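Top to bottom, those sequences are chains P and S.
Under the numbering used here, read the first sequence as residues 591 to 993, first letter to last.
Under the numbering used here, read the second sequence as residues 2 to 193, first letter to last.
Bear in mind the hints are in silico, worked out from the structure with no lab data behind them.
Errors might be hidden in some of the hints.
[As the list claims (entries may be wrong)] Taking lysine to any residue and the SDA-like style, the derived pairs with C-alpha atoms no more than 20 Å apart in a straight line are:
#1 S:K52 to P:G780
#2 S:K41 to P:R763
#3 S:K41 to P:D892
#4 P:K762 to S:E154
#5 S:K51 to P:G780
#6 P:K762 to S:R40
#7 S:K41 to P:Q970
#8 P:K762 to S:K164
#9 S:K51 to P:P980
No experiment lies behind these values; they were computed from the predicted model shown.
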Amino acid sequence: MNIRNEVTFASIRPKDGLTAALGKDRDVVVEEVLRSGLKGRGGAGFPTGVKWKLAAEAKAEEKYIICNADEGEPGTFKDRVILAEWADLVFEGMTIAGYAIGAKSGIIYLRGEYGYLRQALEDKLALRRTEGLLGDDVMGKKGFSFDIHIHMGCGAYVCGEESALIESLEGKRGESRNRPPFPVSEGLFGCPTVVNNVETLAWVAAIFALGPDWFKHVGTEKSSGYKLLSISGDVAHPGVYEFPMGTKISAILKAAGAERPKAAVVGGASGILVPAKDFKRAICFEDVSTGGSIIVLSEDRDFLDILENFQEFFADESCGQCTICRLGNVKLLEGIRLLKEGRCTTKHLQELCTLGSSMRAASKCGLGQASPNMFLSILQHFKGEVLGRPQADDHFVNKRKAS
Amino acid sequence: MPNSTAEKVRPVQKDRPGSKVNSLQDEIDRLTERFGTERKALIPILQEIKKRHHIISGYAMQCVADRLSISPAEVYGVVSFYSFLHEEYQGRIVIRLCRTISCDMAGKDAIARQIQNDLGIKFGETTPDGKFSLEWANCVGMCDQGPAIIVNEQVFTHVTPEKVQEIITACVKMYERTPDLFKKGNHNEHKK
Ligand SMILES: Cc1cc2nc3c(=O)[nH]c(=O)nc-3n(C[C@H](O)[C@H](O)[C@H](O)COP(=O)(O)O)c2cc1C
Ligand code: SF4
Ligand code: FES
């Protein structure tokens with residue numbers, strides 16, 4: 591499984607968190623999540639307690655808890671490991687969330703690529719039902735019923751975005767919605783819905799097992815607790831690591847055995863490029879924030895190859911609703927190929943940067959907004975490396991000039 | 002991930018006796034009994050049809066639309082959006098090679114070339130016998146163990162060019178044990 595250091599989840603006894611939470615009033619549960627300082631582990635870092643509080647206060651017959659297990663950000667695989675190793679903590683986190691906001695049903699949106707995890711998860715859910723941890727009167731708590739079902743995704747990265755995910759659950763194309771309204775007020779089937787990442791929900795179970803203050807005291811002022819990181823690329827020991835929030839990138843790379851690192855891509859295709867001179871920066875919400883992906887690039891890597899790969903990803907995965915995202919990503923890809931061929935003028939490059947800024951501002955969802963990040967990030971730090979590349983076929987260029 | 006534009010191999014279309022039409026309709030009736038007739042049942046129903054028939058034909062889309070009382074265009078819109086749903090026939094064994102960054106850095110190009118050689122098809126194509134389809138995948142969450150391949154619902158990691166043929170052979174063995182999977186002509190059943 592490539593779990594490389596000690597992960598807190600391994601030491602949490604199942605049921606501890608759930609027992610503790612169900613022994614408290616609903617509003618106390620929300621209060622403790624707020625106090626723990628837990629923020630979303632899926633990338634955006636929204637305070638989990640605030641999300642729950644809004645959903646708890648919403649008046650509705652039906653409410654839903656959704657576990658976002660669509661893990662599609664390039665370089666991220668920690669949710670897969672959590673689901674394979676500590677799924678019960680995720681189920682408990684969902685159950686606690688259901689109790690806190692007054693929801694009866696939970697849905698795990700599991701990406702299609704993780705189909706091989708499904709049977710084991712179904713078996714565990716069945717066992718929980720027979721043990722009274724799911725179903726009517728959970729753990730004997732009168733009036734609290736909760737069950738969890740698994741919905742399989744169909745291979746679309748954008749469905750990890752919470753409103754696209756909800757559209758997909760409703761049987762539609764996974765196209766992001768306009769916000770507001772936010773899912774906490776109008777989510778699945780128009781009902782108040784909490785969407786949380788797999789890791790966030792597992793931390794909820796840990797927080798109730800060990801107490802909100804334990805969590806609050808780890809990490810930094812604005813980023814409590816630990817973070818699981820998925821580390822891949824040019825490292826000797828790729829895999830899943832746990833670090834306290836606020837750990838310096840240099841320390842993380844050292845632990846993973848980075849080989850002559852020139853830069854690290856933090857946050858996947860939607861993330862940023864951190865050049866070696868900035869490795870003193872820290873992983874946390876107030877500095878370099880990430881859903882968990884760190885890809886290390888050694889000195890031998892060509893940034894244009896990396897960039898082309900990311901840009902192909904976005905051109906492929908854009909849902910196509912917004913013109914600027916749909917066409918902008920294709921334009922950037924063409925630009926990168928021009929750079930590779932040594933045929934991009936400085937003026938055109940400038941235009942592409944302007945396009946990138948417009949994409950950030952004018953796209954409807956996080957996919958389009960984040961898609962030019964890597965392009966702009968690489969140009970900011972390594973412009974000199976991408977301009978003036980040799981042309982494969984000078985003859986062709988000369989002929990074009992002549993005609 | 003929109004479906005690849007590369008030309009897909011379509012099996013020969015044969016005339017189909019009327020009983021087969023009814024069998025597909027019956028099958029969809031049973032699926033609606035299981036998943037319901039609300040809009041939210043659409044994707045689970047399509048996933049089942051894809052799993053059993055390796056294709057979601059125009060006729061199947063029409064039947065599903067009728068049962069859920071929605072327009073066939075809505076069904077088509079969904080089928081064309083998701084890369085795991087397909088209106089075209091796909092082989093019983095779908096091989097998806099991850100092309101994203103970590104697998105790319107780990108050497109996916111060599112794997113891609115060797116799979117194409119060993120299967121005799123390009124990405125986006127299906128072998129004429131209907132056994133294999135070859136597709137690209139975007140990051141499949143195995144970046145620490147790349148290059149990674151997903152075969153139907155099984156994952157292979159640390160793939161090397163010399164392992165490609167082994168994987169193909171293992172797949173054939175595994176699926177030959179599964180009844181019906183390689184039954185001749187089966188994949189033509191629901192073509193209109
Ligand atoms: C394009 C895109 C893809 C996303 N993919 C995921 C994902 O795979 N998993 C995830 O938990 N969050 C993903 N998110 C973030 C979700 O929209 C949402 O913020 C998150 O699930 C909320 O849970 P959290 O607060 O526990 O992090 C994605 C966002 C965008 C814009
Ligand atoms: S930004 Fe891109 S992915 Fe997001 S809604 Fe617009 S077109 Fe779709
Ligand atoms: S990059 Fe191939 S599995 Fe993530």
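Could you work out which earlier hints the structure fails to respect and list their numbers in ascending sequence? 1, 3, 4, 5, 7, 8 and 9
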